[in-house]
Amino acid sequence: MSSMQKFTDLPVESRPRERLKEYGQSALANHELLAILLRTGTRDQNVLQLSLQVFSHFDDLYMLKNASLEELMEIPGIGKAKAVELLAAIELGKRMSHTPIVKEGAVTSSQYIGQILLDELKDLQQEHVVALFLNTKNEIIKKETIFKGSLNSSVAHPREIFKAAIKCSSARLIIAHNHPSGNPEPSDADLSFTQRMSEAGRLIGIELLDHFIIGDDSYISLKELGAL
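Counting with numbering that gives the first Met the number 0, you get residues 0 to 227 for the letters of the sequence shown.
Think of the hints as simulated: they come from the structure by calculation, not from any bench. Incorrect hints may appear among the rest.
DMTMM-like, lysine to aspartate or glutamate: derived pairs with alpha carbons at most 20 angstroms apart [stated by the list, open to error]:
#1 Lys121 / Glu143
#2 Lys93 / Asp122
#3 Lys93 / Asp59
#4 Lys121 / Glu138
#5 Lys147 / Asp118
#6 Lys147 / Asp187
#7 Lys141 / Glu206
#8 Lys142 / Glu126
#9 Lys166 / Glu138
#10 Lys81 / Asp118
#11 Lys136 / Glu90
#12 Lys147 / Asp215
#13 Lys79 / Glu90
#14 Lys136 / Asp118
#15 Lys20 / Asp58
#16 Lys162 / Asp215
#17 Lys79 / Asp43
#18 Lys121 / Asp189
#19 Lys121 / Glu90
#20 Lys64 / Asp43
#21 Lys166 / Asp187
#22 Lys166 / Asp215
#23 Lys162 / Asp187
Estimated spans, in silico, between C-beta atoms of each pair [claimed, not checked]:
#24 Leu91 / Glu69: 35 to 45 angstroms
#25 Ser108 / Leu86: 29 to 39 angstroms
#26 Leu91 / Glu21: 20 to 30 angstroms
#27 Tyr22 / Glu73: 11 to 21 angstroms
#28 Lys142 / Ser180: 22 to 32 angstroms
#29 Ser67 / Ala105: 12 to 22 angstroms
Idealized CB from N, CA, C, for every residue including glycine.
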């Protein structure tokens, strides 16, 4: 048996990694998340006991957030390597919490966004479906190519687009796709897909602002066309 107690020494239902995989990271207690970072315990205590000892030393997350290398190493079982790894994780968390959402400009009109999408998609030889995710101020917080292929394909499903929208906390969205034929006139499939997207958006509270179809040198806004 190893001189250090590992996750595999714990009952399956008590292993933080297994619990994270099954229930997600938000379901774990602070000491369980810390145990994943620590990885191993000591000869005398398992990793969960060691993580609880860390919190008994610092009282709360705020105190741990401001810990020094020396303070961490005062805890029995926390050597220099573990202390350095914890400080790196803490610093990364601080930086992530202060990182703003990158905005790519605001949507001011159909003409403005239509021209941007035309420039980007008009020369593509394969059909691309692009989504622009907006906040409540109509600022673009993310742009993502969702599909490559025909809208007739079963992969072009609203759930994939809204899954991405929810992930970036989008309040509204715009979708666009190109017609490699060069003709931006909407097909029946285009109109059907737009309606499905609009209905799904109403159900979950993310408004579909527009669907642009991009041709060789022009575009069509389905909102302006009255199809949305």
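Query raised in the report: Can you name, in rising order, the numbers of the hints this structure does not satisfy?
Result: Numbers 2, 4, 10, 11, 14, 15, 16, 19, 20, 21, 22, 23, 24, 25, 27, 29, in rising order.
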